[in-house]
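Peer 1: Chain order of the listed sequences is A and B. Mind the numbering: the first sequence is residues 780 to 957 in this note's numbering, read in order. Mind the numbering: the second sequence is residues -18 to 431 in this note's numbering, read in order.
Don't take every hint at face value.
Stated by the list, open to error - Cross-link-like lysine to aspartate or glutamate pairs, in silico, EDC-like; alpha carbons within 20 Å at most: (1) A/866 / B/284; (2) B/412 / B/324; (3) B/424 / A/935; (4) B/164 / B/315; (5) A/938 / A/829; (6) A/823 / B/349; (7) A/823 / B/279; (8) A/823 / B/325; (9) B/159 / B/314; (10) A/953 / A/793; (11) A/801 / A/884; (12) B/327 / A/805; (13) A/866 / B/315; (14) A/909 / A/927; (15) A/866 / B/279.
Since the hints were made in silico from the structure, they are not lab data.
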Amino acid sequence: MASKVIHAIYNDDDILLQAVKKVRNEHYHIEEIYTPFHIHGLDKAMGLADTRIAITSFLYGLVGLIFSVVMMNFIMIDDWPQNIGGKPSFSYIENMPAFVPIMFELTVYFAAHLMVITFYLRSKIWPFKKAENPDLRTTDDHFLMVVDIGKHDINELTKFMHNTGIVEINVIDKDEDH
Amino acid sequence: MYTLTSKLKLFAIIFMVVGAIGIISGFLTTPSSIKEVKEMLDTNHDDSHNIGKTQNENHKNVIGSHDGNKEEAHDDEAHYEHVLQQMQNRPWAAIYVATFFFFIIVLGVLTFYAIQYASQAGWSPVLFRVMEGITAYLPIITAILFILLLLSGVFNMNHMFSWMNPDLVNPDSPDYDKIIAEKSGWLNVPFFLIRAAFYMLGWNLYRYLSRRNSIRDDNAEDNRWFKKNFKLSAGFLVFYIVTESMMSWDWIMSLDPHWYSTLYGWYIFAGMMVCGITVIALVTIVLKSQGYLEFVNDSHIHDLAKYMFGFSIFWTYLWFSQFMLIWYANIPEEVVYFVTRVEDFKLPFFGMVVMNFVFPVLLLMNSDYKRVNWFVVLTGIVILAGHYIDVFVMVIPATVGTSWFIGIPEIGSLLFLFGLFVYVVFTALTKAPLLVKNNPFIKESKQYRY
């Protein structure tokens, strides 16, 4: 027997959030939730692990900072020193205040861009990729919760789901999906 | 309702007494004549020679009224006279720095409070009574500040504001200073004091009315008093940003009357906001640790810590903007400000940048750390110490010069005003319930979760 999932559709984010708590209380397994926008607190309600993107952001920022120091040292000190504003010093540290804006900008640049790329890689999305969401309405005004049936009784589960404020419910064979 | 424990009262009074002893001993140990200055400098002759040299250069830089071809002996006398004035300034400057430091804390809290009302913020009403408690210090600290300005301006008790010397604007005097004379339309004692009184009355009026409306709101049937406070706060913020800027020129920038920076008002503003928000966080954590403010949760502390973090970076941004432009352009009359600070105040000047920027950035960057109370307290204490030194480095180079030291008068003034702060603020907290009852956002604020 192929594994089956339930597609429960909601039309309100607060109701969805309540439903997530109820479903998890009954120890049913939520596979995924598709929403048109970010819902505050949904990750905590679903019991997802905390994001680690902040740590990567910090590390990328450090990379940008180091890159800018090395770059400005090469351009302005080693390769082609210039007399700007009467400051012809051949030392990085003595000219450092002039380089701070560049250090700042590249720190931000590296942190922001590499963070976005990391997010794309981690979420397995790239340009021209075919959309994965099972119902087009989740890009408009509906919210879809995928609940794994597993060893539970289908009727009992659908009955329970009806009490969580759904507007529509479908039982889907997982194999068809792929 | 909060009750003031006798232990805390005693704590505050001990601080005030110890601080007062420090202040008085500061005044008693200043030299009263040139002879005493010479004796003091002779006791460590090797140093005094060096100090004398840089002192003289500073004097020329700052006042700029000396002729280069004056006789050696006369120059020497003038130099000792100058050192005497600087040493006599020291206890005054010590109180002035500490008073200004506490003043920016309190005015920063008042501004933050006004911003919460004007923006109708939903997270912060649970903290309103804490903020109102802190701003109860405003009338007292502005009164002390006004008395200090009065003693400098009218009674000539010290030489902190060099432009107050009438010789500098008298064309017949040998000390005539054309630059200061041309600024005398703004920088003259009567107008200076009238402006000071005007700013202080405006701020105190807002503090009085908003507190009164907030208390009345507790028993109101509708949102009448809340709406009144909303309008009042929006008006205050307009008044504040103009007067705050002028206050920073008058009370701090005019200490170096030849020098000016168009960024100064913003720079003081940034320091003011950091200090104010840090003190809100510290007082809240203290009250929570005593079992009060049970409705304040980690998310409120988290938000305050975010503001501490953000405004610390904002402060650094303005500090650096001012520094880099002047450093790069290297125009003599501008750069003199930083030359004196980098040469004679190297450790406090750069040390406070580390304390006010590197410390909060590294300690408060992590989201989880912003919820750990002792972490916020630790960072808060470092930030406050850093901003005390910031004010110190703004005031002292022009008033005390190279005779500076953070010793008994400085710490005494700080302890005295801290004791008074604790006494006044925690007494004010007992006057009203710690939760505003009828604020339309109170439910949202209590349930606030990040």
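Peer 1: Compare the structure with each hint and give your call.
Peer 2: Quick rundown of the hints versus the structure:
About 43 Å separates the Cα atoms of residue 866 of chain A and residue 284 of chain B, which puts this hinted pair outside 20 Å; it is violated. Of the pairs offered as hints, the one joining residue 412 of chain B and residue 324 of chain B is violated, with about 49 Å between alpha carbons and a cut-off of 20 Å exceeded. A threshold of 20 Å between alpha carbons decides the hint, and for residue 424 of chain B with residue 935 of chain A the separation of about 38 Å lies outside it, so the pair is violated. Restraint check for residue 164 of chain B and residue 315 of chain B: the C-alpha separation of about 17 Å stays at or below 20 Å, so the hint holds.
This hinted pair does not check out: residue 938 of chain A and residue 829 of chain A have alpha carbons roughly 32 Å apart, beyond 20 Å. Using a Cα cut-off of 20 Å, the hinted pair residue 823 of chain A and residue 349 of chain B holds, with the two alpha carbons roughly 15 Å apart. A C-alpha spacing of about 16 Å is found between residue 823 of chain A and residue 279 of chain B, which places the hinted pair at or below 20 Å, so the restraint holds. For the hint linking residue 823 of chain A to residue 325 of chain B, the alpha-carbon distance of about 54 Å lies beyond 20 Å, and the restraint is violated.
Between residue 159 of chain B and residue 314 of chain B the CA atoms are separated by roughly 14 Å; this keeps the pair inside 20 Å, and the hint holds. Straight-line distance between C-alpha atoms of residue 953 of chain A and residue 793 of chain A comes to about 28 Å, which puts the hinted pair past the 20 Å bound. In summary, the hint linking residue 801 of chain A to residue 884 of chain A is not supported, as the alpha carbons are separated by about 46 Å, beyond the 20 Å threshold. Annotation: proposed proximity of residue 327 of chain B to residue 805 of chain A is violated, straight-line Cα distance about 65 Å (limit 20 Å).
Proximity of residue 866 of chain A to residue 315 of chain B is assessed by CA-CA distance (about 17 Å); at most 20 Å being required, the pair is judged to hold. Note on residue 909 of chain A and residue 927 of chain A: the hinted pairing is violated, with a Cα-Cα distance of about 23 Å set against a maximum of 20 Å. At roughly 50 Å between alpha-carbon atoms, residue 866 of chain A and residue 279 of chain B are farther apart than 20 Å, so this suggested pair is violated.
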